[in-house]
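**Q** With the hints as extra help, turn the sequences into a complete structure.
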Amino acid sequence: MTEVIDKEVKEAVNQSFQIKGGMVTLMVLELLYIDYRRFAQELQKKVASAPNLFNETPIIISLEKLDHPSEYLDFERLIEICRSNDLVPIAVRGGTEGQSQQAQVLGLGKIPSATKSSGKSAQEQLLRDTSARSINESVETSAANSETLTLETTPKFQSTKIVRQPVRSGQRVYARGGDLIVLASVGDGAEVLADGNIHIYGSLRGRAIAGIEDKDNAHIFCQSLEASLVSIGGVYMLDEDMRANHWKDSVHIHLDNENLHIEKL
Amino acid sequence: MAKIIVITSGKGGVGKTTSAAAIGTGLAQQGHKTVIIDFDVGLRNLDLIMDCERRVVYDFVNVIENDATINQALIKDKRVDNLFILPASQTKDKDALTIDGVERILSELSESFDYILCDSPAGIEQGAYLALYFADAAVIVTNPEVSSVRDSDRIIGLLQSKSRRAEKGDTPVEEHLLLTRYNPERVEKGEMLSIEDVKDILAIPLLGVIPESKSVLAASNKGIPVILNDQSRAGKAYADAVSRFLGKDVEHRFIEPEKKGLLRRVFGR
Numbered sequence: 214m215t216e217v218i219d220k221e222v223k224e225a226v227n228q229s230f231q232i233k234g235g236m237v238t239l240m241v242l243e244l245l246y247i248d249y250r251r252f253a254q255e256l257q258k259k260v261a262s263a264p265n266l267f268n269e270t271p272i273i274i275s276l277e278k279l280d281h282p283s284e285y286l287d288f289e290r291l292i293e294i295c296r297s298n299d300l301v302p303i304a305v306r307g308g309t310e311g312q313s314q315q316a317q318v319l320g321l322g323k324i325p326s327a328t329k330s331s332g333k334s335a336q337e338q339l340l341r342d343t344s345a346r347s348i349n350e351s352v353e354t355s356a357a358n359s360e361t362l363t364l365e366t367t368p369k370f371q372s373t374k375i376v377r378q379p380v381r382s383g384q385r386v387y388a389r390g391g392d393l394i395v396l397a398s399v400g401d402g403a404e405v406l407a408d409g410n411i412h413i414y415g416s417l418r419g420r421a422i423a424g425i426e427d428k429d430n431a432h433i434f435c436q437s438l439e440a441s442l443v444s445i446g447g448v449y450m451l452d453e454d455m456r457a458n459h460w461k462d463s464v465h466i467h468l469d470n471e472n473l474h475i476e477k478l
Numbered sequence: 008m009a010k011i012i013v014i015t016s017g018k019g020g021v022g023k024t025t026s027a028a029a030i031g032t033g034l035a036q037q038g039h040k041t042v043i044i045d046f047d048v049g050l051r052n053l054d055l056i057m058d059c060e061r062r063v064v065y066d067f068v069n070v071i072e073n074d075a076t077i078n079q080a081l082i083k084d085k086r087v088d089n090l091f092i093l094p095a096s097q098t099k100d101k102d103a104l105t106i107d108g109v110e111r112i113l114s115e116l117s118e119s120f121d122y123i124l125c126d127s128p129a130g131i132e133q134g135a136y137l138a139l140y141f142a143d144a145a146v147i148v149t150n151p152e153v154s155s156v157r158d159s160d161r162i163i164g165l166l167q168s169k170s171r172r173a174e175k176g177d178t179p180v181e182e183h184l185l186l187t188r189y190n191p192e193r194v195e196k197g198e199m200l201s202i203e204d205v206k207d208i209l210a211i212p213l214l215g216v217i218p219e220s221k222s223v224l225a226a227s228n229k230g231i232p233v234i235l236n237d238q239s240r241a242g243k244a245y246a247d248a249v250s251r252f253l254g255k256d257v258e259h260r261f262i263e264p265e266k267k268g269l270l271r272r273v274f275g276r
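Sequence order for the protein chains is A and B. Last residue of the first sequence: 478 (this note's numbering), numbering continuous. Last residue of the second sequence: 276 (this note's numbering), numbering continuous.
Fair warning: there could be bad hints in the mix.
[Said to hold, decoys possible] 30 Å max Cα-Cα, derived DSS-like pairs, lysine-lysine:
#1 A/K374 <-> B/K169
#2 B/K83 <-> B/K206
#3 A/K461 <-> B/K175
#4 A/K477 <-> B/K206
#5 B/K175 <-> B/K196
#6 B/K10 <-> B/K255
#7 B/K206 <-> A/K374
#8 B/K206 <-> A/K461
#9 B/K175 <-> A/K374
#10 B/K169 <-> B/K206
[As the list claims (entries may be wrong)] Now the in silico label distances, taken between C-beta atoms and shown as ranges:
#11 B/R193 <-> A/T373: 53 to 63 Å
#12 B/Q238 <-> A/S463: 41 to 51 Å
#13 A/S262 <-> B/G19: 35 to 45 Å
#14 B/R260 <-> A/Q436: 51 to 61 Å
#15 A/S372 <-> B/D177: 24 to 34 Å
#16 B/S154 <-> A/R290: 52 to 62 Å
#17 A/K477 <-> B/V257: 56 to 66 Å
#18 A/L451 <-> B/G19: 23 to 33 Å
#19 A/M240 <-> B/T105: 53 to 63 Å
#20 A/E453 <-> B/Q79: 53 to 63 Å
If you're looking for bench data, these hints aren't it; they were derived computationally from the structure. C-beta atoms are modelled at their ideal positions from N, C-alpha and C, and glycine is treated no differently.
**A** And the structure:
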C-alpha cells in the first residue's frame, strides 16, 4: 500500500509539466468589416503610433462584431497582415463553425463567443474564456473558477442576492449567477461582486465588481459614488479617475464600447 | 445571568481601556454588580487605570489554567462598591487564552454579577476575538478619524459574523457607538470627522460622545477612572453614556463648539 503511494508521489514529483488555471490580459482585435487592404493600412498606422505596445504581442481575433458574420474569410491573409505588424494571432473568438475550423487548420485556437454560450465542454470553455477576458484580479479565486464551471454546465437562471446590512470593511459579498442588491452602504475596504448587476441603496465606498459572467448586461448603481474601485467585465476605474466627476453623486455605471461610462441618476 | 459587554475598537490607542474603566465604574455606581476583565494578555493596562496594579496576585490566565480560583483573582475596587477587576497576565503568552477557558470563567462570573465588561486588546487576533465572541452587547470605541472608523467598521463586521450570537443565529449583538476624543472646534475646521460622518459610515446607534479633554489623561495617570471626576466634561459625558446604556433618554452634551464669552473674546483665548 505504502509502495503504491510512494510510487504515485514519485511520479507526481517527476512530472514534466503541470496544468494551472491562469489569467492573462490579452488584446482582442475586433474585426468590424472585411477589407484586407484597409485593414493592413490601418493596422500599420496603429502599430506605428505605439510600437512598444504591439511588440510581438499575442492577440485574439474576434469575429463577433463583423457586419456580415458568415462571410468567407481569408485567414491566411489576416494572419499574414497581423504578423507583418508584429502581432501574433493565437486564437479566434466567435464566428461560424466553418470559420473556426479554417482557423484551426492554420494553428489558431478557438474561443467561444463572449456573449453566446456554446455547447462545448465546460472545462474547455472555462479555460479559454478566462484567459481571453481581461478579468480583474479580484475574481481570480479558485472559488470563483469552480463556480463558473457549474454555471456553464447548468442552464443559466438569474437569481438575486439581497443584503440588508451594511457591507463592512474586510467583508466580501459575491452574488453568483445573478444580481446583487445591497440595501445599505458598502464600506471602505469592503468588496461586492456579482456575475450580473450591482445595486447599492447607500454609499459605495469600497470596491464593486460587476459583470463577472455577463459583462454586456452588467450595470452598477449606487446612491453615492465614493468607491475605491468599480469594475465591469474587467474594465475598471479607480477613485482618482472618479473624484473629478460624479463624486458623491447618485450614479449609473455601465460599459460603453469597452469603456466605463458614469451617468448621474 | 450577567450581561456580557465587550469594549472594542480594532484600532489601538482610541480609549478602550479608559472607556471600560469609566463605564464599568459608572455601572457599579448605579448599583449594578460589575466586573471588568482585561483581555490584553501581555500588555496589561486596566490595573493601572483602576489603580490596583500593586494588588494583582493572580490573574485571568492563572484562573484559566486552574492555578487560582476566580475569587482569588478578582480585585475589589476600593472606591466604588460592586466593582471588581480581573487583571490580565503581564508575563504569559497571549495564546494562553482559550475559548473553553474564557467560556468557563464567563459562565462562572455570570452567576454572581450583573455586568461583565470585556476590555478587548487592539487588533483582530485571538485576544480581541475571544473578548467579543461571548458578547451580548458591544461598545465600539471610535475616534473621529478615518483609520479608526475603518477599523471599527471591520470589528462590527466581525461581531455580526464571528460572535457566538451570530454563529448560533440568536438575536444579534447589541451595538453601541462611543465616539471618543471628540473636539467640536476641530470638527468645525474640518480637521476631524463629524458625528454625522461617523454615524453615516458605521450605521449603528450612538451611545455617547466623549469630548477631548486633558482630564482624561490626568485621570489615567493617577489611576482614577475619569467618570469619578464629576467636574470634567469627559466624566460627565461618560456618566451620560452609562445612563443611556441603562435605557435612559439623555441628551448629548459637549458636541457643539464652546461659545466664547465676551471677556474671552476681548482678551483672546
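**Q** Now tell me, hint by hint, if it's right for this structure.
**A** Right, here's what the structure says about each hint:
1. Using a Cα cut-off of 30 Å, the hinted pair A/K374 and B/K169 holds, with the two alpha carbons roughly 21 Å apart.
2. Straight-line distance between C-alpha atoms of B/K83 and B/K206 comes to about 36 Å, which puts the hinted pair past the 30 Å bound.
3. Between A/K461 and B/K175 the CA atoms are separated by roughly 38 Å; this puts the pair beyond 30 Å, and the hint is violated.
4. With a C-alpha separation of about 25 Å, the suggested pair A/K477 and B/K206 falls inside the 30 Å cut-off, and the hint holds.
5. Distance hint between B/K175 and B/K196 is unfulfilled; the C-alpha atoms sit about 45 Å from each other, more than 30 Å.
6. The hinted pair formed by B/K10 and B/K255 meets the criterion: a straight-line CA distance of about 17 Å does not exceed 30 Å.
7. A C-alpha spacing of about 26 Å is found between B/K206 and A/K374, which places the hinted pair at or below 30 Å, so the restraint holds.
8. For the hint pairing B/K206 with A/K461, the CA-to-CA distance comes to about 17 Å; that is within 30 Å, so the pair holds.
9. Our distance criterion of 30 Å between C-alpha atoms is met by B/K175 and A/K374, whose separation comes to about 22 Å.
10. Between B/K169 and B/K206 the alpha-carbon distance is near 23 Å, which keeps this suggested pair within the 30 Å criterion.
11. Between B/R193 and A/T373 the beta carbons are some 44 Å apart, a value that contradicts the proposed interval 53 to 63 Å.
12. Taking the beta carbon of each, B/Q238 and A/S463 are about 48 Å apart, inside 41 to 51 Å as hinted.
13. Here the CB-CB span from A/S262 to B/G19 is close to 53 Å, at odds with the stated 35 to 45 Å.
14. Here the CB-CB span from B/R260 to A/Q436 is close to 32 Å, at odds with the stated 51 to 61 Å.
15. For the hinted restraint 24 to 34 Å between A/S372 and B/D177, the CB-CB distance of approximately 28 Å keeps it satisfied.
16. At roughly 60 Å, the beta carbons of B/S154 and A/R290 sit within the given window of 52 to 62 Å.
17. Between A/K477 and B/V257 the beta carbons are some 42 Å apart, a value that contradicts the proposed interval 56 to 66 Å.
18. Distance hint check: the CB atoms of A/L451 and B/G19 are about 30 Å apart, consistent with the given range 23 to 33 Å.
19. Between A/M240 and B/T105 the CB atoms are about 55 Å apart, so this pair conforms to the stated range of 53 to 63 Å.
20. Between A/E453 and B/Q79 the beta carbons are some 59 Å apart, a value that agrees with the proposed interval 53 to 63 Å.
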